[in-house]
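Engineer: Residues per chain are reported as follows:
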Amino acid sequence: MKCDLRVELLSGYLDGELDKKQKAEIEKHLKECEACRKELEELRQLDEHVRTAEIEEPSREFIFNINRRVLEKVKKKPRFRLFRFSPILAPAAVALLVFVVLININRPVSFASLDERILYAEVEAKKELDIEIPKAGFAREEVYAKGVVVKEKKALTTSKVPTMAKARDVEVFDHAKKGEAGALGIEAQDEIISLTEVQELQIPRDRIVRAIVDSNGKILKVATGNTIIPERDTMLENRLQGQQLSPPLVKGKRTQLYIDLTQEKVTKN
Amino acid sequence: MYNSIESDEFLIERVKNGDCESFNPLVERYKLPLYKIMYRMVYNRDDAEDLVEEAFIKAFRAISKFEIGRPFYAWICRIAVNNAINYLKKERRGQVQPIEFFEHSLAAKKGNPVEMTKQKVLQERITAAMAKLPDDYRTIIVLKVEEDFSYDEISKVLKIPKGTVMSRLARARQKLRGIFKEMGVQKK
Chain A
1 MKCDLRVELL
11 SGYLDGELDK
21 KQKAEIEKHL
31 KECEACRKEL
41 EELRQLDEHV
51 RTAEIEEPSR
61 EFIFNINRRV
71 LEKVKKKPRF
81 RLFRFSPILA
91 PAAVALLVFV
101 VLININRPVS
111 FASLDERILY
121 AEVEAKKELD
131 IEIPKAGFAR
141 EEVYAKGVVV
151 KEKKALTTSK
161 VPTMAKARDV
171 EVFDHAKKGE
181 AGALGIEAQD
191 EIISLTEVQE
201 LQIPRDRIVR
211 AIVDSNGKIL
221 KVATGNTIIP
231 ERDTMLENRL
241 QGQQLSPPLV
251 KGKRTQLYID
261 LTQEKVTKN
Chain B
1001 MYNSIESDEF
1011 LIERVKNGDC
1021 ESFNPLVERY
1031 KLPLYKIMYR
1041 MVYNRDDAED
1051 LVEEAFIKAF
1061 RAISKFEIGR
1071 PFYAWICRIA
1081 VNNAINYLKK
1091 ERRGQVQPIE
1101 FFEHSLAAKK
1111 GNPVEMTKQK
1121 VLQERITAAM
1131 AKLPDDYRTI
1141 IVLKVEEDFS
1151 YDEISKVLKI
1161 PKGTVMSRLA
1171 RARQKLRGIF
1181 KEMGVQKK
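Chains as they are written, first to last, in the working numbering: chain A, 1 to 269; chain B, 1001 to 1188.
Take the hints with a grain of salt, since some may be wrong.
[Stated by the list, open to error] Here are the computed lysine to aspartate or glutamate pairs in the EDC-like style, where the Cα-Cα straight-line distance is at most 16 angstroms:
hint: 1; chain 1: B; residue 1: Lys1181; chain 2: A; residue 2: Asp47
hint: 2; chain 1: A; residue 1: Lys76; chain 2: B; residue 2: Asp1019
hint: 3; chain 1: B; residue 1: Lys1181; chain 2: A; residue 2: Glu42
hint: 4; chain 1: B; residue 1: Lys1120; chain 2: A; residue 2: Glu54
hint: 5; chain 1: A; residue 1: Lys28; chain 2: A; residue 2: Glu56
hint: 6; chain 1: B; residue 1: Lys1120; chain 2: A; residue 2: Glu56
hint: 7; chain 1: B; residue 1: Lys1162; chain 2: A; residue 2: Asp47
hint: 8; chain 1: A; residue 1: Lys73; chain 2: B; residue 2: Asp1050
hint: 9; chain 1: A; residue 1: Lys73; chain 2: B; residue 2: Glu1067
hint: 10; chain 1: A; residue 1: Lys76; chain 2: B; residue 2: Glu1054
It should be emphasised that the hints constitute simulated quantities derived from the structure, not laboratory data.
Using the sequences and the accompanying hints, generate a full structural model.
Structural biologist: So, in structure tokens, the structure goes:
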């Protein structure tokens, strides 16, 4: 005869886990129900079988050496594992990566990646950063609004040498003496260097023109456009690349510089 | 050196104070009982030995959290069982299940009954039947039937409600009974 007593109760009774009331009910039921008595006996038998299940003997290595192995391992300090912090570090790294990508997404790669030493002169000028022009003995007579010297002057160490100028006062030199360009910043130099007017560079007047000039004054990259951040102009760059200007000095050190060569506002004087 | 007379509490106190060697007698005392549980859970000697070792190492590193006065064996059992449960969940995927080993073993011996006593055959069949149980059923049966943990203790180790312990244990017993019948495990 099949009984509808819940099997959990019989199992719980066998384990002695029922409360007093349940226990009393089960005991009463067991007296009346032969099927449940038989079921309970089978469960007891099953538990006994489980306890007699075979166990493979542990190895001699385990029996004799586990103490030593455990001690050896616990005496070593646990290694620092970076991956333990991966739940925190991984999302942070992803966020940082996304941030870096987002802030660079609209930036012209050619300018951003050219050289870490690039100084954005226009921005720095607002901070009144002093930029020293080369001590090549040139007296500046005209300065463009955007800061490009135009007048030619043949001289070496004159008393008129302006040692400090604002960021916008970036001089433009002729490229005829490229060979000596590297020595422009040296005071003892005795070469005569002629300056050319900036117009000789034939920079278009209808748009913003900016260039990256290396620490020796050589034009490296050129960008043009009518936006705040001009885009690289390979055609103009091919023409101007390698033109020798004066090596820009910032706080007495030669440095690569991002200068403005825009001609449309060259109206001063 | 320490001998078996030293109480668990004394030894643990020493370990807590930085005496690593005091952990030795505890390992000596509990390595075999723990091996037995681990073996019943994973049915593989090498894995069981590794799990015992890991349990001792974890216990040592967490010894500062152990409250003196509570039973050390129950505490380390909990560490070992949890570790073994994680092992079963992660490491066993894709590996040969222990039952295959036992079935092979039984098949090999079927043809040569003379070598085995009746009792030995019965034991092997029971072991094979246990290995056939799903991991969660086998774990709960090992904890209750072999180790005589209370439902409360099992509930804490397995992180399941007490009511679930009761129902899972009943289902595990029913399942095992079915397997016993299939495999011809007779009453004693």
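Engineer: For the pair supplied as a hint, Lys73 (chain A) and Glu1067 (chain B), is the alpha-carbon distance within the 16 angstroms limit?
Structural biologist: Status violated; Cα separation ~23 angstroms.
Engineer: Taken at face value, is the distance from the CA of Glu54 (chain A) to the CA of Lys1120 (chain B) at most 16 angstroms?
Structural biologist: holds, 9 angstroms
Engineer: Below or equal to 16 angstroms on CA atoms is what counts here, so check Lys76 (chain A) against Asp1019 (chain B).
Structural biologist: Cα-Cα ~14 angstroms, so holds.
Engineer: Is the Cα-Cα distance between Lys76 (chain A) and Glu1054 (chain B) 16 angstroms or less?
Structural biologist: holds, 14 angstroms
Engineer: Holds or violated: Lys1181 (chain B) with Asp47 (chain A), Cα cutoff 16 angstroms?
Structural biologist: OK: Lys1181 (chain B) and Asp47 (chain A) at ~15 angstroms, within 16 angstroms.
Engineer: Taking only the CA atoms, is the gap from Lys1181 (chain B) to Glu42 (chain A) under or equal to 16 angstroms?
Structural biologist: holds, 12 angstroms
Engineer: Tell me if the straight-line CA distance from Lys1120 (chain B) to Glu56 (chain A) falls inside 16 angstroms.
Structural biologist: The hint holds at about 13 angstroms.
Engineer: Lys73 (chain A) and Asp1050 (chain B): Cα distance at most 16 angstroms?
Structural biologist: It holds: about 13 angstroms lies between the C-alpha atoms, which stays within 16 angstroms.
Engineer: Between Lys28 (chain A) and Glu56 (chain A), does the CA-CA distance stay at or below 16 angstroms?
Structural biologist: violated, 43 angstroms
Engineer: Taking only the CA atoms, is the gap from Lys1162 (chain B) to Asp47 (chain A) under or equal to 16 angstroms?
Structural biologist: Given that 16 angstroms is the threshold and the Cα spacing comes to 20 angstroms, the pair is violated.
The structure does not agree with the numbered hints 5, 7 and 9 stated previously, though it agrees with the rest.
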